[in-house]
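Residues 7 to 590 (this note's numbering) are what the sequence shown spells out, left to right.
Do not rely on the hints blindly, as some may be mistaken.
[What the hints assert, rightly or not] Between beta-carbon pairs, the in silico distance windows are:
(1) 91 with 368: 28 to 38 Å
(2) 12 with 55: 15 to 25 Å
(3) 74 with 364: 14 to 24 Å
(4) 16 with 170: 27 to 37 Å
(5) 375 with 55: 22 to 32 Å
(6) 70 with 447: 56 to 66 Å
(7) 553 with 365: 50 to 60 Å
[Said to hold, decoys possible] Listed below are the simulated SDA-like cross-link pairs for lysine to any residue, each with C-alpha atoms no more than 25 Å apart in a straight line:
(8) 244 with 102
(9) 90 with 102
(10) 546 with 255
(11) 109 with 163
(12) 90 with 113
(13) 109 with 359
(14) 380 with 477
(15) 90 with 33
(16) 109 with 13
(17) 109 with 95
(18) 90 with 144
(19) 109 with 171
(20) 546 with 305
(21) 546 with 282
Source of the hints: derived by calculation from the structure; they are not laboratory data. None of these values were measured; they are calculated from a predicted model. Cβ atoms here follow ideal geometry from the backbone N, Cα and C, with glycine treated the same way.
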Amino acid sequence: MRAVVLDILIRLANLLIVLLGIATIIFSLPYLAPGGPERALIGWPYTAERAAALRVHYGFDRPLYEQYGLWWRNWLDGEWGRSKFTGRPVLREVSLTLPLTLKLLAEAVVLAVLIGTFLALVAIYPWHRPYGGRGQGMAVVAAGFPDFYFGILMKFFFVWHLEWFPIGGFAFFSERPWLAYRQLLLPALSVGILYGIIIGPRVAARLSAAREIFEDGFDGFLDAGHLREVRLWHVGGKALGHSLVVLFQHGALLLGSIMLAEKIFTIPGFGDFGIEAFVRRDYPKIQAFLLIMVGGYAVIRALANGIEAVRERRLKRDPAQFLSDAPAKSPAGLGALCMQDSFFLGVVLVAVIATTALFASYIAPYLPDEVHMKDRLQPPTTQYWMGSDLLGRDMLSRIIFGARYSLMVAGAGATGALVLGFLLGGVPRFAHGLGMALMSPIVGILEAFPALIVGLLMMTLLGQGYVQEIAALTAALTPSTAAVFLRGYVAARSRSLIPVGLIAAVWLQAFGLAIIVEATLNFLDIGLLPLMPSWGGDLKANLPYLHVNPAIVLFPGMAVVISAMGFNLMAEAVRKHLVWRQLG
């Protein structure tokens with residue numbers, strides 16, 4: 007009992023350190039903005055009188071530590087500043103948008119937990135046999151789907167094709183509760199289905215590894231029909247608990263998905279509030295958004311890790327690990343890795359995309375910006391295999407040339423994140439306890455910022471362009487790679503501190519995530535410059551014409567899915583191979 011209390015106190019202390027670090031980073035954002043804090047926080051027009059009033063309000067004429075204390079006091083007093091563009095108090099806008107997002111988040115969490123529990127129970131059936139990794143392929147495919155693209159597909163099929171949901175408009179719960187619920191149901195489904203598929207195999211692996219369904223003479227239950235339902239409820243209850251914990255450990259990605267769902271389905275919630283703030287560089291709103299979103303996620307993550315530690319009775323172990331779910335034992339040689347179906351398929355997909363991008367000038371039938379106004383919005387034909395956009399540009403050519411930019415930016419960002427992640431998480435492992443103790447709080451603070459939010463923040467600070475986007479992807483993916491190097495269990499059981507297989511798996515997974523984040527930034531018009539062909543940018547530009555010519559939206563999205571899926575398949579295969587080597 008004393009160990010439990012001590013561990014809780016340690017976790018609370020770590021949470022306070024993380025929250026303090028998050029607040030400090032958020033406070034420093036206006037000082038990192040172009041033009042300094044005055045131009046970052048004041049609205050348009052910029053006048054000497056408004057600048058003088060702003061200096062007094064934020065204490066810019068005082069020492070930095072006094073400004074920090076004043077910033078904290080203003081926030082605790084509810085003085086969150088005013089929007090640069092609307093002029094309204096930021097706290098007022100937050101109070102109007104946050105409740106709607108919480109309702110959407112609650113619906114998405116319930117659906118994801120139910121779907122994940124159902125898939126986990128199906129995956130481990132028959133329950134008297136060990137779990138063989140069933141369903142992991144579906145999880146890899148779901149992880150390769152950009153959230154915004156899956157939302158577009160859901161909206162196209164259920165709203166425009168089947169007409170089961172209203173096309174536009176928005177109703178409030180206080181006025182028309184049933185219509186408001188229907189309008190939130192489809193966005194919640196688009197998020198819940200993806201994350202239910204992702205967490206299902208992980209929940210099944212945890213149930214099987216813990217042997218929670220094989221205890222106390224389970225074979226007798228199989229023969230006793232009247233007890234089988236009791237056992238099913240017992241297993242289902244444990245699966246529900248695991249599903250909730252695993253989902254909260256994916257909270258960083260979940261929050262980004264909620265933001266994009268609000269954007270796709272035009273919901274005026276807190277996620278849309280944040281995206282608008284980043285696009286407009288409205289720093290008072292950005293600070294409010296980050297403080298609530300990142301701080302809330304840090305609390306939820308700490309709570310989920312604590313619950314998981316109590317459930318497993320291993321209070322000193324952080325359960326959120328990259329390589330924690332060990333697959334069934336299998337041959338561990340390099341040839342076995344190459345012969346895995348998932349690795350082979352991933353290599354083929356990536357090789358096809360990379361070769362197409364490398365020889366784009368020879369493969370593409372047209373130049374990406376070649377305009378044919380007489381052939382606007384053409385469906386797929388022998389001349390335009392994937393249709394043409396509003397300007398008559400060939401979509402196949404734009405997708406091929408877009409692969410060159412997208413893969414180059416994503417690859418450079420993933421490589422930069424690998425290097426920085428190794429410096430932050432891998433190098434301290436060589437110092438053993440001291441290095442890990444010093445870097446764990448720093449990595450924990452950085453890890454609290456979701457990758458999409460970091461990407462949006464970096465593009466807001468740096469501006470648009472491919473170099474800026476590479477820097478944004480590097481910053482967005484560094485915390486997760488550093489956490490893997492710092493806490494990976496397989497590395498701890500290996501003969502070397504950082505196995506080569508771990509580095510390869512981290513880089514491949516970072517590459518797959520970088521493709522999705524890069525496409526998302528371009529879809530939000532904050533990534534590459536508009537003239538550069540990119541998958542996400544073309545998808546956003548053609549989205550208004552989805553009902554006229556679906557091909558010009560579906561094909562760019564499929565390019566993102568296939569590329570990300572290829573790298574995810576290889577990362578999953580390398581991860582399994584690495585675990586097999588440790589078990590062998």
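Each hint tested on the structure:
1. 91 with 368: 28 to 38 Å: With Cβ atoms ~47 Å apart, the hint is violated.
2. 12 with 55: 15 to 25 Å: violated (56 Å)
3. 74 with 364: 14 to 24 Å: violated (50 Å)
4. 16 with 170: 27 to 37 Å: Violated: the Cβ-Cβ distance is about 50 Å, outside 27 to 37 Å.
5. 375 with 55: 22 to 32 Å: Between residue 375 and residue 55, where Cβ atoms are some 47 Å apart, the hint is violated.
6. 70 with 447: 56 to 66 Å: Check failed, 22 Å falls outside 56 to 66 Å.
7. 553 with 365: 50 to 60 Å: violated (34 Å)
8. 244 with 102: violated (37 Å)
9. 90 with 102: Holds, at roughly 18 Å.
10. 546 with 255: violated (30 Å)
11. 109 with 163: holds (24 Å)
12. 90 with 113: Cα-Cα ~33 Å, so violated.
13. 109 with 359: Measuring from Cα to Cα gives roughly 40 Å; hence the hint is violated.
14. 380 with 477: Roughly 40 Å between the alpha carbons, so the hint for residue 380 and residue 477 is violated.
15. 90 with 33: Within the cut-off at roughly 17 Å; holds.
16. 109 with 13: Since the Cα atoms of residue 109 and residue 13 sit roughly 33 Å apart, the hinted pair is violated (cutoff 25 Å).
17. 109 with 95: holds (23 Å)
18. 90 with 144: violated (44 Å)
19. 109 with 171: Given pair residue 109, residue 171 holds - Cα atoms ~18 Å apart, limit 25 Å.
20. 546 with 305: violated (34 Å)
21. 546 with 282: holds (16 Å)
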